[in-house]
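Taking the hints into account, I'd like the entire structure generated from these sequences.
Residue numbers (UniProt numbering), protein chains in the order written: chain X, 1 to 299; chain P, 1 to 299.
The hints are simulated quantities; they were obtained by calculation from the structure and are not laboratory data. As the structure is a computational prediction, the values presented were derived from the model and not from experiment. Don't take each hint at face value.
Copies of one chain are not kept apart here, so a pair can be met inside one copy or by any two copies together.
What the hints assert, rightly or not - Computed cross-link-like contacts, DMTMM-like style, restricted to lysine to aspartate or glutamate with a CA-CA straight-line distance of at most 20 Å:
| no. | residue 1 | residue 2 |
| --- | --- | --- |
| 1 | K279 | E265 |
| 2 | K71 | E265 |
| 3 | K264 | E277 |
| 4 | K279 | D113 |
| 5 | K71 | D109 |
2 protein chains.
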Amino acid sequence: MVQAKTWILKQHFEGFPKDNDFELKQEQLPEPKDGEVLVEAVFLSVDPYMRPFSRVRMQPGDVMIGTQVAKVIQSKNPAVPEGSHVVGRCGWRTHTVSDGTGFIRVLSDWPQDVPLSLALGGIGMPGLTALYGLEEVLAIKPGETLLVNAAAGAVGSVVGQIAKLKGCKVVGSAGSDAKVAYLKELGFDYAFNYKTVPSLEEALKQASPEGYECYFENVGGHFSSVALSQMKQFGRIAVCGGISLYNDKEPQTGPYPHLPMIFKELRMEGFLVGRWEHKNEESLRRLLTWLQEASSSFF
Amino acid sequence: MVQAKTWILKQHFEGFPKDNDFELKQEQLPEPKDGEVLVEAVFLSVDPYMRPFSRVRMQPGDVMIGTQVAKVIQSKNPAVPEGSHVVGRCGWRTHTVSDGTGFIRVLSDWPQDVPLSLALGGIGMPGLTALYGLEEVLAIKPGETLLVNAAAGAVGSVVGQIAKLKGCKVVGSAGSDAKVAYLKELGFDYAFNYKTVPSLEEALKQASPEGYECYFENVGGHFSSVALSQMKQFGRIAVCGGISLYNDKEPQTGPYPHLPMIFKELRMEGFLVGRWEHKNEESLRRLLTWLQEASSSFF
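Right, dumping it as structure tokens:
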């Protein structure tokens, strides 16, 4: 018999999540039945989407949502052999008994020298999000200038690197000097600390005086209002996240975006990574190839 | 020698335009030179775009911008014969001497029984705006539900009628009971007075409990925030105008749109009618055909 440790959402978050919104519980797991497997968490990820999703997809008492890389330690399902690794939406728990629904096998030819944790990062959901946002939503083209915020994050850092591979000029914003230094290591053409620049508008103008064709939006709020005014005519905006808004108790307010949208004829599209799930295997292989071809800092 | 009467913008508008922002001036016009024509205004239009455009495209002292239907009363340009009618960006003036640049000949086969004023309305810029917003931006499809606000306006009323022709369910919002009655005459499936409904959210839900695929945005501001929350997954929004915002001295603020944009994967695009100018002649003929095939109330 296996005891799973699980983190339970005790109550919905109000404002920033607090330790006592969670509770650690032990759960006695049954033996896997025919067709089921027992997996053990190897890596868990904490992603921004959890904050808004928890409100609409969870009830107090549920195990906290989340994806993990897990190792199959007992299998009565030939499709998921013992010793293999899967990525599953198991939530924050050490052990899970499952019939494997929703599990994705880690790429069979995953290279030994690539950490498995990347299956939750650059070669996982965040990498796919970056790729689909750039290719499917923005349809970014060589020579264009891209702005990305939260640029040192799991998604933003891959956004900037793929856009560089595609021949774009990349401007990134992040919230510390260490992150800015990291962006420069990754090859960003321009990076700045939005917390310390005297004026966000001036920083964006200085980074690209002629404006921006594309904007990969991870932050929302005030940053977005300033960025919209710096877009070129027919600029495109992929709205991937709004991390500055997720912890609001009362919705933040700002100027309505209509006037720049109209007079610059901007196109803005929100997206969730699951829209292109049918392309995931091919896309993960592309990301892995880029990783292997690139410098060790990639992803 | 012809005296033109012109309305001059004395000073930029602050808040709502006032009578004393304008000044009537007489202007002595020269004789048309070779290649030039003298035209006389027959109809002037007053359009919402003038309010925001005046700020960015005009200086105090300029003749107020605007399009007119004008009759050619003297011609030294064989392309623009005497007696013909043109639509030109002459501004608010009775007479204009011009080399014809930017003039558009009224369709040569304009029917006798169709008022020429429609060349500034349903068979002119507002009609084209409605058509391009629906076809080019929203790519609206039969069976979809469309929301349009300022629906009794020059653009909105044509939006609703074209969408009905295309087999859509059309919901319109307007600001008086008389306008709502007019929308029902035009064949809108549902129309309401946004000033008197107890709750805008409830009105939108009642009109289409299952939500909206398409939203033709003419108003902006609070209406837009409520409407975004009523969009279906993958809803499309054509941002044509933001009339509730144009007279603001300080920009109105509201909740940032990112969360519904992301979780409903909405696409929002601003547009100006000039983007599809190359299609105008064909498009005006299509609008005219619809007008002639439809009831007399059309446009």
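Hints, one by one, checked against the model:
Taking the shortest Cα distances, K279 and E265 sit within 20 Å of each other only across copies (18 Å), while inside one copy they are farther apart (30 Å). In this homomeric assembly, K71 and E265 never come within 20 Å of each other (Cα to Cα): the closest approach is 49 Å inside a single copy and 33 Å across copies. Within a single copy, K264 and E277 get their C-alpha atoms only as close as 32 Å, which misses the 20 Å cut-off; across copies the closest is 17 Å, which meets it. Proximity of K279 and D113 under a CA criterion of 20 Å is satisfied in neither setting, with 25 Å inside one chain copy and 57 Å between copies.
Taking the closest pair of Cα atoms, K71 and D109 come within 20 Å of each other only inside a single copy of the chain (16 Å); across copies the shortest separation is 76 Å, beyond that limit.
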